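**Q** Start from the sequences and build out the full structure, keeping to the hints where you can.
Line by line, the protein sequences are chains A and G.
For the first sequence, my numbering assigns the number 307 to the initial residue and increments by one for each residue that follows.
For the second sequence, my numbering assigns the number 129 to the initial residue and increments by one for each residue that follows.
Think of the hints as simulated: they come from the structure by calculation, not from any bench.
Incorrect hints may have been included.
[Claimed, not checked] Short, incomplete list of chain G residues facing chain A, as computed with Cβ under 7 Å: (1) I155; (2) G359; (3) R387.
[To be verified] Just so you have them, the derived chain G footprint on chain A, three or more residues with Cβ under 8 Å: (4) 547-555; (5) 646-652.
[Stated by the list, open to error] With a cut-off of at most 25 Å between alpha-carbon atoms, the simulated DSS-like pairs for lysine-lysine come out as follows: (6) K477(A) - K458(A); (7) K298(G) - K458(A); (8) K477(A) - K298(G); (9) K277(G) - K458(A); (10) K277(G) - K328(G); (11) K385(A) - K381(G); (12) K298(G) - K328(G); (13) K218(G) - K298(G); (14) K381(G) - K168(G); (15) K381(A) - K381(G); (16) K277(G) - K298(G); (17) K218(G) - K381(G); (18) K477(A) - K277(G).
Because the structure is a prediction, the values reported are computed rather than measured.
Note that beta-carbon positions come from the ideal geometry of N, C-alpha and C, so glycine has one too.
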Amino acid sequence: MTRQRLTWLVLVVLFAGLLAWRGFTGHGLGRVYVERGEVSLARERAPADAPAASVPRWRSVPVEQAEVRWTTWSKVPPKAHFEAEARDPGQDRVVLSWPRTIGLWVAAFLTLAIFSFLYADNPAYRFTEAVVVGVSAAYWMVVGFWDVVVPKLLATLMPETVQAMVQPTLKIPQFSPWWPETWDTASDAFDPWLQQWGAMALALLLGLMLMWRLLPRGGWIAGWPLAFIVGVTAGRRMVTQVESDLMEQAASTMQSVVPTAQGLSAWDWAWAALPGVLVLVGVVCCLCYFLFSVQHRGVVGGAARVGVWYLMITFGAAFGFTVMGRIALLADRVEFLFDDWLWIIDPNHLRG
Amino acid sequence: MSVLDRLDRLDRRWIFLAMFVAVAAPILYIGVTGRTLPEKVTSTSRAVYEAIEATPEGSRVLFAFDFDPASAGELQPMATDLMRHCAARKLRIVCIALWPLGNNLAEETIANVIGADFPHMRDGVDFVNLGFQSGQQQVMTVLTTNFRKGFPVDERGRDTADLPILQGVKTVADFPLLVDVGAGYPGAKEWVQYVVTGLKGSMRMVAGTTGVSTPQLFPYYPDQLAGILAGIKGAAEYEMLVNEGLGGAPAAKYMEAQRRMGPQLSGHLLLVGLIVLGNVIHFRRSRGGQA
Numbered sequence: 307m308t309r310q311r312l313t314w315l316v317l318v319v320l321f322a323g324l325l326a327w328r329g330f331t332g333h334g335l336g337r338v339y340v341e342r343g344e345v346s347l348a349r350e351r352a353p354a355d356a357p358a359a360s361v362p363r364w365r366s367v368p369v370e371q372a373e374v375r376w377t378t379w380s381k382v383p384p385k386a387h388f389e390a391e392a393r394d395p396g397q398d399r400v401v402l403s404w405p406r407t408i409g410l411w412v413a414a415f416l417t418l419a420i421f422s423f424l425y426a427d428n429p430a431y432r433f434t435e436a437v438v439v440g441v442s443a444a445y446w447m448v449v450g451f452w453d454v455v456v457p458k459l460l461a462t463l464m465p466e467t468v469q470a471m472v473q474p475t476l477k478i479p480q481f482s483p484w485w486p487e488t489w490d491t492a493s494d495a496f497d498p499w500l501q502q503w504g505a506m507a508l509a510l511l512l513g514l515m516l517m518w519r520l521l522p523r524g525g526w527i528a529g530w531p532l533a534f535i536v537g538v539t540a541g542r543r544m545v546t547q548v549e550s551d552l553m554e555q556a557a558s559t560m561q562s563v564v565p566t567a568q569g570l571s572a573w574d575w576a577w578a579a580l581p582g583v584l585v586l587v588g589v590v591c592c593l594c595y596f597l598f599s600v601q602h603r604g605v606v607g608g609a610a611r612v613g614v615w616y617l618m619i620t621f622g623a624a625f626g627f628t629v630m631g632r633i634a635l636l637a638d639r640v641e642f643l644f645d646d647w648l649w650i651i652d653p654n655h656l657r658g
Numbered sequence: 129m130s131v132l133d134r135l136d137r138l139d140r141r142w143i144f145l146a147m148f149v150a151v152a153a154p155i156l157y158i159g160v161t162g163r164t165l166p167e168k169v170t171s172t173s174r175a176v177y178e179a180i181e182a183t184p185e186g187s188r189v190l191f192a193f194d195f196d197p198a199s200a201g202e203l204q205p206m207a208t209d210l211m212r213h214c215a216a217r218k219l220r221i222v223c224i225a226l227w228p229l230g231n232n233l234a235e236e237t238i239a240n241v242i243g244a245d246f247p248h249m250r251d252g253v254d255f256v257n258l259g260f261q262s263g264q265q266q267v268m269t270v271l272t273t274n275f276r277k278g279f280p281v282d283e284r285g286r287d288t289a290d291l292p293i294l295q296g297v298k299t300v301a302d303f304p305l306l307v308d309v310g311a312g313y314p315g316a317k318e319w320v321q322y323v324v325t326g327l328k329g330s331m332r333m334v335a336g337t338t339g340v341s342t343p344q345l346f347p348y349y350p351d352q353l354a355g356i357l358a359g360i361k362g363a364a365e366y367e368m369l370v371n372e373g374l375g376g377a378p379a380a381k382y383m384e385a386q387r388r389m390g391p392q393l394s395g396h397l398l399l400v401g402l403i404v405l406g407n408v409i410h411f412r413r414s415r416g417g418q419a
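**A** Structure below.
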C-alpha cells in the first residue's frame, strides 16, 4: 500500500469514526425538519365591467369554502420538531424531510470532495467538479430561457400564446395585429407596440444570425450581430465611464486637496489636507509610470518610481482584501459542516 | 539539514492543514462559547450607518440583492444587518435583484428579518420584493427613466402600479437611498456608473461588497458612494454599530459577521507568519548564494 493510499484510508476511517460518534451522541447528525401548512383559495367575483379575458383574482378562505387547496412544507429549525414531539409524541405537523436531509448530506459530501483536492487529485473531486460545471451551465440555460426568452422576447412577439400557455398574469398590449378586438380601440397604441415589437423582432433576427456559426457554412453571418453587440456596448459604456470614472474622479481628486472645514489651526489644516495631497501625488506619479513616450529619467523617472510604490501598496491592499474574502468563504463552509451537518456547534440556537 | 531547510522543503499540504485548523478552531470556540472579538469601526462602515440613520423615517429605500450563494458567506450577514437597520428605522424597503439567485436570498432575508422580528410590516405597503429582472445594467438604465417598466410586476405577480409602497415612484430618483449588496457584475460599480453619478446627488448610495471587489470601489467614496462595507470586516463593524444603536441583547442571527471575525484573525496571523517565514528563507538562501 502506497503512503498516499494509507493516508486516505486513515482519513476516511477517522472521519467515519467521527460521524459514528456524532450519530450516537446528543441530538445526532444533520437533519432537516419541515412544518406542514395548508393553502385554501377561492376566486373573487369579477367586477361587472371587467374584460372577458381578465385574469381571475384569488383570496384565502377557510378550508370548507376552498375551490383550490394544497399543502405547503416550510423549513423550520430542529428545535421546533423537538418541542412539538415533547408536547405531542407522534405528531405529524413538524416532521423530518427526507429530500432536504438527503440534500444536506449531498452538500456536505460535495464540500468535502472539493476540499479533498487540497490533498491530491481524486475521482470524488473530479466528479464534484463535473457536477458543479454541469449544474451551473444547465441552470444558466434555464434562467436564460424563462427570464429572458419567454418574458421578454416571446411575450412581446406573441403575447396571447404566452398568456395562454405559460404566463396567465401577462398583460396583453392595447394593440395587437393578431387580436382583432384591439384594432379599432387603440389606434394611438400602434406606435409604441410597433417600436417594442420591432426591437424584439430585430433581437430575434440577430440572435438567429449569432447561432449561424453552428452551421457548417456562412459563419461570417455571425460576425454582424457580434459587431452590433460590441459597438453598442462600447458606445454605452464610454459615456458612463467618462462621466463617472473620469470627470467625477478628476473633480474629486482636485477638490479633496483643500480642506473645506472652517476655523482649523495650521497644523489641523495640514493634517486634513494630507490625504488629499497623497491621493493627488499618487495619481500624478502613477500616470508618470504609465507614460511610455518619455524616458523615465530625472523628474519623470523619480515620479515613476514613487508611482511604482503606490501601485505596490494598492496591489498589497487588494491582495489583503482577497485573502479576507477567501477566509470568509472557507469559514462559511466550515461553519456549514460543523453546524448544519455535524451539529457540533449551534451558534444560532436552532436546536435548543 | 537545518530548520530553515526543512521548512523550505515543507509539503504545501501542511500549510493547507494549518489554514484549516486556523479557521476551524475559532469557529468551534466561538460556536461553543458565543464570545466574539471587539471591532474598531472604520470611517467607511460608520458612513453606511450614518447614511441610513440620516434617511427620514418612512422614506423608501431601494435594496438591491446583487449576489448569490457563492458569496453569501461574506455578504449575507451584511444583507441581514442592513435590512434590520432599515426596518428598525421604519424605512420602506423595496427589494430587487439583478442576479437570478439574489431573488431567493432576498426572500430568505425578508423572512429571517422582517417576518421574524418586524411582523407589523405589511407586504406591499412597508416592504416588497420585486424579484429578479434580467438585463443587468440595462435594467438600471430603464429604472432611471421609468421604474415600472423595469419592474412591471413584483415577485408574487402583483402589478407594481397597484402597490401602495410604489405610489408616486416614477423613476429610481424617487428613492432617497440605494442599498446595494453586491458580489461583482452587475453590482455596486454599475449602480454608481449608470445611476448614482447621473443623478448628481439626489440619491445617496451605500454598498456592501466582497473583499475582492472592494478596492475598485474606494475611489467612489465619499462623493459617489456615501459608504462602503468592505468585506466581512466591514460587515462586522456595521453589525456592531447596529447592535449598539438598537440596544438590548441581539439575537444570535445578528451576530453572524462578528462571529466570522475569529477565523479571520487566526487565518491572517497564520498568513502573515507564513509570508514573513517565506521571506526569511528566501533572503537566507539569497545570502548563501543559492537563489
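**Q** Indicate, hint by hint, whether the structure satisfies it.
**A** Hint check results:
1. Taking 7 Å as the C-beta cut-off, the interface hint given for I155(G) holds, the closest approach to chain A being about 5 Å.
2. Hint on G359(G) holds. Least Cβ distance to chain A is approximately 5 Å, under the 7 Å limit.
3. For R387(G), the suggested interface contact is upheld, since its CB lies about 6 Å from the closest CB of chain A, less than 7 Å.
4. Only when three residues or more bring their CB closer than 8 Å to a CB of chain G does the claim for the stretch 547-555 of chain A stand; here the count is 6, and the claim holds.
5. With 3 residues having a beta carbon nearer than 8 Å to a beta carbon of chain G, the stretch 646-652 of chain A meets the requirement of three or more and the stated coverage holds.
6. Taking the CA atoms of K477(A) and K458(A), the gap is about 13 Å. The hint holds against a cut of 25 Å.
7. Annotation: proposed proximity of K298(G) to K458(A) holds, straight-line Cα distance about 21 Å (limit 25 Å).
8. As the CA atoms of K477(A) and K298(G) are separated by approximately 20 Å, the hinted pair is consistent with the 25 Å bound.
9. Between K277(G) and K458(A) the CA atoms are separated by roughly 12 Å; this keeps the pair inside 25 Å, and the hint holds.
10. Taken as a hint, the K277(G) and K328(G) pair is honoured in the structure, with Cα atoms around 23 Å apart against an allowance of 25 Å.
11. Our distance criterion of 25 Å between C-alpha atoms is met by K385(A) and K381(G), whose separation comes to about 16 Å.
12. With a CA separation close to 17 Å, the supplied pair K298(G) and K328(G) stays within the 25 Å bound.
13. Distance restraint check for K218(G) and K298(G): the Cα-Cα separation of roughly 22 Å lies within the 25 Å cut-off, and the hinted pair is therefore satisfied.
14. Between the alpha carbons of K381(G) and K168(G) the distance comes to roughly 21 Å, so the proposed pair stays at or under 25 Å and holds.
15. Straight-line distance between C-alpha atoms of K381(A) and K381(G) comes to about 16 Å, which keeps the hinted pair within the 25 Å bound.
16. Proximity of K277(G) to K298(G) is assessed by CA-CA distance (about 10 Å); at most 25 Å being required, the pair is judged to hold.
17. Annotation: proposed proximity of K218(G) to K381(G) holds, straight-line Cα distance about 20 Å (limit 25 Å).
18. Distance restraint check for K477(A) and K277(G): the Cα-Cα separation of roughly 13 Å lies within the 25 Å cut-off, and the hinted pair is therefore satisfied.
Checked against the numbered hints above, the structure breaks none of them.
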